[in-house]
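*Asks:* Residue numbers (full-length UniProt numbering), protein chains in the order written: chain A, 1 to 249; chain B, 1 to 218.
Check before you lean on any hint, since a few could be wrong.
[As the list claims (entries may be wrong)] Taking lysine to aspartate or glutamate pairs in the DMTMM-like style, the calculated list, with each CA pair at most 20 Å apart, reads:
hint : chain 1 : residue 1 : chain 2 : residue 2
1    : B       : 140       : A       : 242
2    : B       : 139       : B       : 24
3    : A       : 238       : B       : 24
4    : A       : 236       : B       : 56
5    : B       : 140       : A       : 70
6    : A       : 183       : A       : 170
7    : B       : 214       : A       : 237
8    : B       : 32        : B       : 141
9    : A       : 7         : A       : 57
10   : B       : 139       : B       : 10
11   : A       : 238       : B       : 141
If you are wondering where the hints come from, they were derived from the structure by calculation, not from laboratory data.
One letter stands for each residue in the lines below.
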Amino acid sequence: MDKFSIKALNLYYGDFRALKDVELHIQPSEITAFIGPSGCGKSTLLKTLNRMNDLIENCKISGEILLDGEDIYGTMDVNLLRKRVGMVFQKPNPFPMSIYDNVAYGPRTHGIRGKQALDEIVERSLKDAAIWDEVKDRLKKNALGLSGGQQQRLCIARALAVQPDVLLMDEPTSALDPISTSKIEELVLELKNQYTIIIVTHNMQQAARISDKTAFFLLGEVVEVGNTESLFSMPKDKRTEDYITGRFG
Amino acid sequence: MRTHFEEQLERLNHELIDMGALCEDAISACTKELLDPDGTELGAARIYERDIDQKEREIETLCLRLLLQQQPVARDLRLISAAMKMISDMERIGDQASDIEEITQYIHNNTDLKSRLHINEMAKATIEMVTDAVDSFVKKDIALARSVMDYDDIVDDLFRNIKEELIRMISDGDNRGELFLDLLMIAKYFERIGDHAVNIAEWVEYSITGSHPKLGGI
Chain A
1 MDKFSIKALN LYYGDFRALK DVELHIQPSE ITAFIGPSGC GKSTLLKTLN RMNDLIENCK
61 ISGEILLDGE DIYGTMDVNL LRKRVGMVFQ KPNPFPMSIY DNVAYGPRTH GIRGKQALDE
121 IVERSLKDAA IWDEVKDRLK KNALGLSGGQ QQRLCIARAL AVQPDVLLMD EPTSALDPIS
181 TSKIEELVLE LKNQYTIIIV THNMQQAARI SDKTAFFLLG EVVEVGNTES LFSMPKDKRT
241 EDYITGRFG
Chain B
1 MRTHFEEQLE RLNHELIDMG ALCEDAISAC TKELLDPDGT ELGAARIYER DIDQKEREIE
61 TLCLRLLLQQ QPVARDLRLI SAAMKMISDM ERIGDQASDI EEITQYIHNN TDLKSRLHIN
121 EMAKATIEMV TDAVDSFVKK DIALARSVMD YDDIVDDLFR NIKEELIRMI SDGDNRGELF
181 LDLLMIAKYF ERIGDHAVNI AEWVEYSITG SHPKLGGI
């Protein structure tokens, strides 16, 4: 069964049609990469998957997005949706508080108060995000003192702390150096066993390295979606070929 | 867009065509010496072989540089990986043409025998296969590439014919054993050149379609 089924999805910002008849089926425990030039709708679609477009004025959505068969724009509680579908952004955005409190923030808002339970969640999440060894002796220190790469892994730990099913990542390494980037990529590959991951990236080598499926977007449409190896070795659509080989435009 | 990359790919294309042309020249030279020896082409295949080896190294270096610097994907990746496979077969064709030339020197005085056997047809068939394999690459012509693969059966049949003809002559009491072995070796080299032409054609198909006739897609 699809983790996400996106059917006939259209999204308008006022009169501008940012997504056009998008059909996509995201499989569980796989990494799906969204690629495409700036303004093609890939980040818009990502945000739509946990309803982060809800607050944007004049944003209208038609079509269907099903999470495990359930319509996320139906009766589903938005807070529960966001618990199940976590988000990691382009720029690391830790809260200005301790490392511990950053990770414990989500579980606390969902009602977990016991120290032991929170300790366990914090340790497990930091371990899953491959940053535990680097921060275990300074959990009470301010998270803003961490390096960019560490901050991003902390943000991943924060997303994991509420035990989501899906992790959305919007260019999670574009602000990081190559070493931090490779740590995040390794981590993403580790995480796919437990989570469904959707990653927006401008780095096509990154998409080729880590994703199982790739979807190519252009002007709000999904031009092509398929197995990453096939898409990068024998794209079916000339527009995909032109984009991935750097001959676009 | 990616002008420098395009120029490098264009250069790779030209280098492959040049290497293919050298292979054709090498086979033509050794065939001329074999079928119509007048000494004008003596030693030419050996020189072509050295040129082919040199060309192989140049193309290899170019391909490795392209992989390193450009991280090619899609048709670019297929072209470069196919090129790296094709040049190995071309290099073997050069070696085998040179080997044929070497043996040819020992059988100069037996033109009657050569014309009685199917050596002539075999030489012509393999030159055609190599020419068509290179042409299919130049023109991105998948039908031509497939015709090279099909033609291999004809060359294989010709090799079997020659073998049977030689066996018959031996059983009829002809005792020129060394000569027969040399001719069989020449026929075998031609048959192998045909196989290499087939390999080249298969990689041409891969570079066009993304699917190798024997190995399938990636």
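*Asks:* Give a verdict on every hint.
*Replies:* Now for the hints, and whether the structure bears them out:
1. As the CA atoms of residue 140 of chain B and residue 242 of chain A are separated by approximately 18 Å, the hinted pair is consistent with the 20 Å bound.
2. The hinted pair formed by residue 139 of chain B and residue 24 of chain B meets the criterion: a straight-line CA distance of about 17 Å does not exceed 20 Å.
3. With a CA separation close to 35 Å, the supplied pair residue 238 of chain A and residue 24 of chain B exceeds the 20 Å bound.
4. Simply put, residue 236 of chain A and residue 56 of chain B have alpha-carbon atoms about 32 Å apart, too far for the 20 Å limit, and the pair is violated.
5. The hinted pair formed by residue 140 of chain B and residue 70 of chain A fails the criterion: a straight-line CA distance of about 49 Å is larger than 20 Å.
6. Distance check on the hinted pair: residue 183 of chain A and residue 170 of chain A sit about 16 Å apart at the alpha-carbon level, within 20 Å; holds.
7. Simply put, residue 214 of chain B and residue 237 of chain A have alpha-carbon atoms about 25 Å apart, too far for the 20 Å limit, and the pair is violated.
8. Restraint check: the Cα-Cα separation between residue 32 of chain B and residue 141 of chain B comes to about 29 Å, which exceeds 20 Å; the hinted pair is violated.
9. Distance check on the hinted pair: residue 7 of chain A and residue 57 of chain A sit about 23 Å apart at the alpha-carbon level, beyond 20 Å; violated.
10. With a CA separation close to 14 Å, the supplied pair residue 139 of chain B and residue 10 of chain B stays within the 20 Å bound.
11. For the suggested pair residue 238 of chain A and residue 141 of chain B, the alpha carbons sit about 19 Å apart, so the restraint of at most 20 Å is met.
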